[in-house]
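These protein sequence lines map, in sequence, to chains A and B.
Start counting the first sequence at 0; every next residue gets the next number (numbering that gives the first Met the number 0).
Start counting the second sequence at 0; every next residue gets the next number (numbering that gives the first Met the number 0).
Incorrect hints may appear among the rest.
Identical copies carry no separate label here, and so any pair may be met within one copy or between two of them.
DSS-like cross-link-like pairs, simulated, lysine-lysine; straight-line CA separation at most 30 Å [claimed, not checked]:
#1 K203 x K137
#2 K232 x K203
#3 K68 x K135
#4 K135 x K108
#5 K26 x K180
#6 K239 x K327
#7 K133 x K40
#8 K300 x K104
#9 K135 x K232
#10 K300 x K207
Bear in mind the hints are in silico, worked out from the structure with no lab data behind them.
Protein chains: 2
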Amino acid sequence: MAETSSKGEYVVGVDLGGTKILAGVFKNSLECIGSSKLSTKSQRGVDAVVERIARCVQDAVDEADLNLKHVAGIGIGAPGAVDFAEGRVIFAPNMEGWKDVPLKKDLEKQLGVPVFVENDGNICALGVHVVELKAKPKSLIGIFVGTGIGGGLIINGDLYSGFNHTAGEIGHMVLDINGPKCGCGNKGCFEALASRTAIFQQIKAGVKDGEKTMLTEMLGDDLADLRSGDLRKAIRRGDKFVDKVIEGAAEYIGIGIANLVNILSPEVVVLGGGVIEALADEMMSVIVETAQDYAMPGTMKGVEIIASKLGDNAGITGGAVLARRETK
Amino acid sequence: MAETSSKGEYVVGVDLGGTKILAGVFKNSLECIGSSKLSTKSQRGVDAVVERIARCVQDAVDEADLNLKHVAGIGIGAPGAVDFAEGRVIFAPNMEGWKDVPLKKDLEKQLGVPVFVENDGNICALGVHVVELKAKPKSLIGIFVGTGIGGGLIINGDLYSGFNHTAGEIGHMVLDINGPKCGCGNKGCFEALASRTAIFQQIKAGVKDGEKTMLTEMLGDDLADLRSGDLRKAIRRGDKFVDKVIEGAAEYIGIGIANLVNILSPEVVVLGGGVIEALADEMMSVIVETAQDYAMPGTMKGVEIIASKLGDNAGITGGAVLARRETK
Chain A
0 MAETSSKGEY VVGVDLGGTK ILAGVFKNSL ECIGSSKLST KSQRGVDAVV ERIARCVQDA
60 VDEADLNLKH VAGIGIGAPG AVDFAEGRVI FAPNMEGWKD VPLKKDLEKQ LGVPVFVEND
120 GNICALGVHV VELKAKPKSL IGIFVGTGIG GGLIINGDLY SGFNHTAGEI GHMVLDINGP
180 KCGCGNKGCF EALASRTAIF QQIKAGVKDG EKTMLTEMLG DDLADLRSGD LRKAIRRGDK
240 FVDKVIEGAA EYIGIGIANL VNILSPEVVV LGGGVIEALA DEMMSVIVET AQDYAMPGTM
300 KGVEIIASKL GDNAGITGGA VLARRETK
Chain B
0 MAETSSKGEY VVGVDLGGTK ILAGVFKNSL ECIGSSKLST KSQRGVDAVV ERIARCVQDA
60 VDEADLNLKH VAGIGIGAPG AVDFAEGRVI FAPNMEGWKD VPLKKDLEKQ LGVPVFVEND
120 GNICALGVHV VELKAKPKSL IGIFVGTGIG GGLIINGDLY SGFNHTAGEI GHMVLDINGP
180 KCGCGNKGCF EALASRTAIF QQIKAGVKDG EKTMLTEMLG DDLADLRSGD LRKAIRRGDK
240 FVDKVIEGAA EYIGIGIANL VNILSPEVVV LGGGVIEALA DEMMSVIVET AQDYAMPGTM
300 KGVEIIASKL GDNAGITGGA VLARRETK
């Protein structure tokens, strides 16, 4: 295990997602001074992805006109269950072959800088809580909708990870026991109903079934390069089919929030991730309405449901917060 | 609001359920020295139930050869969302007309003793944590299966009730969005699938549809006086239909636990309530197996799933713990 270093003044936050890797270099004040982005290419296998993470970190450091000697630590959010003490990814359902990966050890060997691995939802919630929310709510649930759905909990003012350090795995909360199959093997998980993966699958299935949508004019019949932003464009041009799919996903997110509010009674619910960043204007009112509708009377009083302004940077920001905390 | 009193040496715990009211008188050492039980009769209206609670408390105190002057405080668990500071029941979906009931105020007027009202799931979890579990796990989820399904959370070693003091409302976690209607108005809530109410409904519907069961021989075709204990008897005599219904409920409880473990990563999950007390031998292995099956890899490591030995006394015990804490 690498020792805490006081050499570097900067920290790096990394957001490892099923689709892309983001890295950002941050000053101690948590101002971002350089970032980079690479596709994940998880189909190339675990080693290739670890190498790409290292490359993405180096690119970001170079972008900030620094080198790795200036970096005190790297905080990474990984999309799955994580053993924080050992820095191992136990299981990442949206990444091919990611079972029991010693990410901390492998990256420290490649980069020579202390690495700290957390669940991506935890990292994003930490970033939003520390950097974005000035009121510092005592309790917060972060819900991050991207390739999958990650979550993170702030309880009593601090990140809560529980007995096995796996708290916040909200994406695999079963909402519809007979629903569509999820990457984890179960059916009807939250992320099998409302993640970008689920939304894209519904749209592609609809097109196959003959639904009319502008997306095929924009992207061709196979919708190969579909992105969340395309959905926003289609809805704004009046695409009823896409609108219906997105409304359905927003309803599921609202029901997921109601479940979590019933269970945890948080002060704030923060939504983030690529889907929310692209479609907040289209989704937020349905999400809030559905959550209020489904939650038990009394549980929603004064609870804020908001979209994070950090957008896609929540992960790298949280990673930087973690690295700063662990190397202090 | 009544002031904390130091007159009495004893505390009373009350478990207000949809079917029955239990009251127990406890020494400061939390030993129970007298108890009583009344049916709730919620169909008679809120005032009648409040009077019955007062009567049940008086009966228990009399049973212990004491009078109300010996009682320092009364802790009550109510089956719904509760405003703890004001001692109001905000909403109890399994009790007729229980919306915004000032239970603390009404009972203090009738009994002249300080009253503290908590959610019943919270109370039961508190009782199990303080009295039953010697290891004092830092985090615990209590799941209490009776007329409805109540829950209670211990986080960082203490009862956790969150921003609106409503945390632990696990009974209204939606598990099957297209499932049966719940008392709260939603569909497919945990308690609409696995509570005693749900189990009895499934059995009665099955009998109507021509399913063969010993229960009709035991109780007549209308199954009017059906109790959880009858289900145990039928299963032990080889009743396949009842066995199937109970196995289904146990599976839902397992899925509910998996959701909660994914979200909260607790050290211990404790099951209690009348259904578990009557059917633990029949249900626990299916519950544990299903929970392990559905929870994300890594989240269940070392997690204990156990049936509380306090059984039906978890509520009155927790009520006593609360009253002792609040009148100290």
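Problem set entry | Homomeric proximity label, K300 with K104: Cα distance no greater than 30 Å | between (45 Å within a copy, 22 Å between copies)
Exercise. Can you tell me if K135 and K108 fall within 30 Å by alpha carbon in one copy, between copies, both or neither?
Worked result: Result: close neither inside a copy nor across copies, 36 Å intra and 40 Å inter.
For this session: Go through the copies and call it for K232 and K203: within, between, both or neither, with a Cα cutoff of 30 Å.
Result: Close inside one copy (17 Å), not across copies (52 Å); limit 30 Å.
For this session: Check K68 against K135 for me: Cα-Cα at most 30 Å, and say if that holds within a copy, between copies, both or neither.
Result: neither (33 Å within a copy, 45 Å between copies)
Problem set entry | K239 and K327: within-copy, between-copy, both or neither at 30 Å Cα | Neither: 52 Å inside a copy, 62 Å across copies.
Exercise. When no copy is named, should K26 and K180 be tagged within, between, both, or neither for a Cα gap of at most 30 Å?
Worked result: Neither: 43 Å inside a copy, 53 Å across copies.
Exercise. How would you label the pair K300, K207 (within, between, both, or neither) given a Cα cut-off of 30 Å?
Worked result: neither (43 Å within a copy, 42 Å between copies)
Exercise. Can you tell me if K133 and K40 fall within 30 Å by alpha carbon in one copy, between copies, both or neither?
Worked result: The answer is neither: 36 Å in one copy and 49 Å across copies each exceed 30 Å.
Exercise. Is the C-alpha distance from K203 to K137 at most 30 Å within one copy, between copies, in both cases, or in neither?
Worked result: Neither. Shortest intra-copy (41 Å) and inter-copy (46 Å) distances fail the 30 Å Cα cut-off.
Problem set entry | Identical-chain pair category, K135 with K232, by Cα at 30 Å | neither (35 Å within a copy, 54 Å between copies)
Consistency with the previously given hints fails for numbers 1, 3, 4, 5, 6, 7, 9, 10, ordered from lowest to highest.
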